[in-house]
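A.B. asks: Here are the chains, one letter per residue:
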Amino acid sequence: MTEERTDEPRDRNNWAPNIERLRADGGVNVGGRRLTGPQQGFGPMWQKTYTVRIPGVEPERVISEWKANYGSFWPSHSRFNAPVAGIKPGEVGNITSMQVMSTGIMVLYTDETSFSFMTPEGHPFAGWITFSSYDDDGTVGQVQLVIRPSDPLWDVAFLFGAAKGEDLMWQHTLRALAAHFGVEAKPETTLVKVDKKRLWKNAGNITKNAAIGSAINVAKAPVRMLRRA
Amino acid sequence: MPQAQVAMTVRDGANGSKVIDIDGEITAFCEGVLMDAYSQADKPETKVIVLNFDQLGYMNSGGIGLLVTMLIRAQRNNHRLAAYGLSDHYRQIFSLTRLDEAIGIFEDEASAIAAA
Chain A
1 MTEERTDEPR DRNNWAPNIE RLRADGGVNV GGRRLTGPQQ GFGPMWQKTY
51 TVRIPGVEPE RVISEWKANY GSFWPSHSRF NAPVAGIKPG EVGNITSMQV
101 MSTGIMVLYT DETSFSFMTP EGHPFAGWIT FSSYDDDGTV GQVQLVIRPS
151 DPLWDVAFLF GAAKGEDLMW QHTLRALAAH FGVEAKPETT LVKVDKKRLW
201 KNAGNITKNA AIGSAINVAK APVRMLRRA
Chain B
230 MPQAQVAMTV RDGANGSKVI DIDGEITAFC EGVLMDAYSQ ADKPETKVIV
280 LNFDQLGYMN SGGIGLLVTM LIRAQRNNHR LAAYGLSDHY RQIFSLTRLD
330 EAIGIFEDEA SAIAAA
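Protein chains in written order, with this note's numbering: chain A, 1 to 229; chain B, 230 to 345.
Please keep in mind that the hints were generated in silico from the structure rather than gathered at the bench.
Cβ atoms here follow ideal geometry from the backbone N, Cα and C, with glycine treated the same way.
There's no promise every hint is true.
[Stated by the list, open to error] Some, not all, of what chain B presents toward chain A, calculated at C-beta under 7 Å:
1) MET230
2) HIS318
3) SER324
Can you build the whole structure from these sequences, using the hints too?
C.D. replies: Here it is, written out as structure tokens:
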């Protein structure tokens, strides 16, 4: 297994550059914010895995098409504005959900058979989402989330339906992905509660809550219009 | 499913610690190997579990997800988790993913055990 370690790691170009904060012009509830892993979130930690079988399509092609058409596989109530440069390490994508809430993601990692997003402060959950495709007696497309609800408000929202909505969204995405290749398939879902604890030290994350931030942004819109006039 | 391209061996370290030597690639496909190594290190007398990344050849985001899952298991069992042997590149990834806020990163095995 041991190989001589070289100065240039094989995965160097797959990862986003190390940053302290997202660019200031990254969008509402995204610009200037820090990225959050599960340990920076609040609620119980979940590993959610959704899979769909896409026989006859190479995993590399699944991921290539997934990257190129990412937002089109989403349900109609949410919109993903893909980075101009595409799904590449370090790029930021903006999300509008239910036509009012704005947040985003940063592309953390990409390679030929997978890509991952990391969430900024205020996003409904803190953590990573990995999209991958692999061969397991036929090609599988997979979404895996390792996440916690970001703050107490999102935690309550997850308890009262948002978690189920999350499941439905990724199941829809995988059905749409399979349909893109002409396959009608039913996704499978595996939910594992990795940690039932709440991280109360992170309860203050609520000050960055994207739903609250979006509401404030909408409320301030008339003031911005008057200033421009 | 692709095979894990990694070998992990568990050995006794100083002061009641266990060291997991990681040789190869950390990806989502090494979950079985990583959790088996953790189970070997997870003894009632274990105070700290140290991950030796000196022979880490490759890591993807699926691998990072496994490490945080392992971290939760360690915390649940009152073990501290520390790491050493990370190249500058992988230190940057631990910083980017903010995993370094939960897993202590050290220069060598002795300092990882001493600080834990």
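A.B. asks: Each of the hints needs a verdict: does it hold here or not?
C.D. replies: Going down the list of hints, with the structure as the test:
no.	hint	in the structure
1	MET230	holds (5 Å)
2	HIS318	holds (5 Å)
3	SER324	holds (5 Å)
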